[in-house]
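Trainee: Go ahead and model the full structure; you've got the sequences and the hints to work with.
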Amino acid sequence: MTTTVATAATKPAKPAATDRSVAENRLAWKLVAPAVVLMLLVTAWPMLQALYLSLFRYRLTTPDEREFVGLANYWTALTDGLFWQDLWNTVLIMLVTVAVELVIGFAFAMVMHRIIFARGVMRTSILIPYGIITVVSAFAWQFAFSLSNGFVNGWFSWLPGIGENTNWFGDHWHAMFAIMVAEIWKTTPFMALLLLAGLSQISEDMLEAAKVDGATWWQRLWKVILPNMRAAIMVAVLFRALDAFRIFDNIFVMTRGAQETESSSFLTYRQVIEQFQLGMGSALSVLLFLSVLLLAFLIVKLFKVDLASARGEG
Amino acid sequence: MQQKTGVLHWIGFAAILVWCLLPVAWIFSLSLKPEAEVSAGSAQFLPKDATFANYRSILEDGDFTRALLNSFGIAMIATVLAVIFATLAAYAIARLEFRGKRVVLSMALAIAMFPVVSLVGPLFDMWRTFGLFNTWPGLIIPYMTFTLPLAIWTLSAFFREIPWEMEQAAQVDGATSWQAFRKVIVPLAAPGVFTAAILTFFFAWNEFVLAISLTSTTSARTVPAQMAYFVGPDPFNPPFSLLATASVIVTIPVLIIVLLFQRKIVAGLTSGAVKG
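These protein sequence lines map, in sequence, to chains F and G.
All residue numbers for the first sequence refer to my numbering, where the first residue is 1 and numbers rise by one.
All residue numbers for the second sequence refer to my numbering, where the first residue is 1001 and numbers rise by one.
Hints are supplied without guarantee of correctness; some may be wrong.
[To be verified] The calculated lysine-lysine pairs, modelled on BS3-like cross-linking and capped at a C-alpha distance of 25 Å, are:
(1) G/Lys1101 to F/Lys301
(2) G/Lys1264 to F/Lys30
(3) G/Lys1101 to G/Lys1183
(4) F/Lys223 to F/Lys211
(5) F/Lys301 to F/Lys211
[Unchecked claim] Ranges between beta-carbon positions, derived for each pair:
(6) F/Leu302 to G/Ser1177: 46 to 54 Å
(7) G/Arg1102 to F/Gly214: 25 to 33 Å
(8) G/Gln1168 to F/Asp205: 35 to 43 Å
(9) G/Ala1169 to F/Arg230: 55 to 63 Å
Just so you know, these hints were derived from the structure itself, not from any lab.
Note that the structure is predicted; figures quoted are calculated from it, not measured.
Even for Gly, the Cβ is constructed at its ideal location relative to N, Cα and C.
Mentor: Quick look at the structure:
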């Protein structure tokens, strides 16, 4: 590393490289190196390993029968209905939970921003779902929806479609609903806090000016508040969407994938850990990684387009 | 008009409290229900006959207390190590000019979004080869790695706000470099480092995928993993009240941290994510 820094510094293309900046560069890399090396060792290297293993038929129970099969594992996965069913479940959970969280989280952020009393109490409460273990929250909701021991049926039996004997884990849509409720409960506070940070950066003068000019509450929301929070909303959506796409804990605890509620993460886990199919599992790992990458790319692109068009309009 | 918004605020306030606290109250109430009441089916919110018997039996369960010890040990060690590494890196990012800074930051961001399940297969394979499977370091190493991005982002945002000129001012006033660092910089940086530590601890305390994949016995299994396997004698009738009791016990540390440091946690969460 030292030699590359030294040669790079003597290149004529960088005439500004003084002794001081070379030393600074070297010190900085010494400080950053442990973190960078660790991150590469634990993520990049295993990912390459997965890429390699995905080309083999490799079952841990019969390691001697390892055999090179090329892209066959990918072909098997991509032509199997289960892969698409699980991907669809994952995408659906992501879309619904993020959309609902955005609305509820924004409402919470508005309340927290405006309220002048008991701010400490509210901050403490909102951090509880954020800090609580996902497995615990999943159990809490599983029990709440439980047929024999849950309070949901009793409390909400006046709603159409819910009765004393509604079995929330008996069919696909009910189970998906229960899983989404657990996910939304746990992660809305995070969304609300990120949106609150965005909200507090909007200048009060601007809102006051809009008010004086006769803008209604609705107009102020759509023309002043939301456009000025675009950066905060983007960060919140990006983080939460990628997090929701990786959903695993809730499904593991609440249904174990029964009633076709399996997610892509759960499928990958099941292949590797429960069935010891390291080759097939690795192919699924690579596909999952690529989906996350594509998703991140799409969200960033989508919002950039939005930003540009908004600026064009303005 | 003023009156109306006041009422709306109260409604919003009540809604947030109910949202956040109801499931917690529910799990606590369930933990007080006697096992007999639960296995007979008790669909009401409050226990008919509250008892702390579940707490006694769960704390006498050797597997659960061992899992609690594992959780504490692994989360603590991972937190300390991650914060040390992240502090070094964040200092360099906030204060020094170097080539590749953007690459390091983008890498951290990419890892924050990484699907952890993708690593389960290869890590399972590698850890068995290196003898790290089902050990504390086997979980500590990935936990450190996955919390580094958050810690680096939070800390570099904090460090950028520190008035570093004060260090030189102290030296001009006759302090040695070490004194200037100890007496001026450390007190200014400590809140940020502490916040990063809390967020890291939460992650390690919460983590589940790796905890069930990279352990096989109670020698390294953490509480979330142990709870997922805790079925009791009758698999068709899970011990709801015991699981609820275990849930309450593992939530206590979270509650204490949140009560004491709510302001710091909020600052850390938002500074890392919004100001970047």
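Trainee: What's the verdict on F/Lys223 and F/Lys211, does the C-alpha distance respect the 25 Å limit or exceed it?
Mentor: 12 Å, holds
Trainee: Between the alpha carbons of F/Lys301 and F/Lys211, is the straight-line distance 25 Å or under?
Mentor: Violated, at roughly 34 Å.
Trainee: For the pair G/Arg1102 and F/Gly214, does the Cβ-Cβ distance stay inside 25 to 33 Å?
Mentor: 45 Å, violated
Trainee: Can you confirm whether the C-alpha distance between G/Lys1101 and F/Lys301 stays at or below 25 Å?
Mentor: 23 Å, holds
Trainee: Starting from the range 35 to 43 Å, see whether the pair G/Gln1168 and F/Asp205 falls in it by beta-carbon distance.
Mentor: Roughly 37 Å apart at Cβ, these two residues keep to the hinted range, so it holds.
Trainee: Could you say whether the range 55 to 63 Å given as a hint is met by the Cβ separation of G/Ala1169 and F/Arg230?
Mentor: With a Cβ separation near 40 Å, G/Ala1169 and F/Arg230 fall outside 55 to 63 Å, so the hint is violated.
Trainee: So the hint says 46 to 54 Å: do the beta-carbon atoms of F/Leu302 and G/Ser1177 match that?
Mentor: 50 Å, holds
Trainee: Compare the distance between the alpha carbons of G/Lys1101 and G/Lys1183 with 25 Å, and conclude whether the hinted pair is satisfied.
Mentor: 29 Å, violated
Trainee: Assess, step by step, whether the Cα of G/Lys1264 is no farther than 25 Å from the Cα of F/Lys30, and give holds or violated.
Mentor: Cα-Cα ~29 Å, so violated.
Hint check: violations occur at hints 2, 3, 5, 7, 9; the rest are consistent with the structure.
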